[in-house]
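**Student:** Let the hints inform the model, and build the full structure from the sequences given.
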Amino acid sequence: TPAPNTGGSQFFLTHLPTPHLDGRHTVFGRITDGLDNARNIEQNDEIISVMVIRKRDHEYTPIKVGESQVEESIPRLKPTLNSDME
6 TPAPNTGGSQ FFLTHLPTPH LDGRHTVFGR ITDGLDNARN IEQNDEIISV MVIRKRDHEY
66 TPIKVGESQV EESIPRLKPT LNSDME
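Going by our numbering, the first residue of the sequence shown is number 6, and it counts up by one from there.
Among these hints, one or two may not hold up.
[As the list claims (entries may be wrong)] Derived Cβ-Cβ restraints for the label pairs, each shown as a range: (1) Asp41 / Gly13: 28 to 34 angstroms; (2) Val55 / Pro9: 17 to 23 angstroms; (3) Asn49 / His25: 15 to 21 angstroms.
These are computed hints drawn from the structure, not numbers from a lab.
Even for Gly, the Cβ is constructed at its ideal location relative to N, Cα and C.
**Tutor:** Written out as structure tokens, the structure is:
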């Protein structure tokens with residue numbers, strides 16, 4: 006069942022690998038600007054506004070993140086408690 010007040014849909018901004026979401030959710034989107042802001046997001050923060058950028062409205066180059074890239078980025082990210090998200 007969906008979480009309360011989600012309107013039947015949810016999305017996750019993840020800072021670390023989240024294997025408990027694998028096979029259950031579709032991966033989409035990427036950060037095009039403000040990566041430092043994304044790194045400062047913490048659990049229970051509230052989204053005040055969102056801008057949707059359509060694929061055809063800007064240059065689009067798909068990026069496949071390899072395991073080595075993920076491992077390199079982990080030390081810079083804030084750890085979160087996955088137990089609250091399961």
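**Student:** Any hints this thing doesn't respect? Which numbers, in order?
**Tutor:** none
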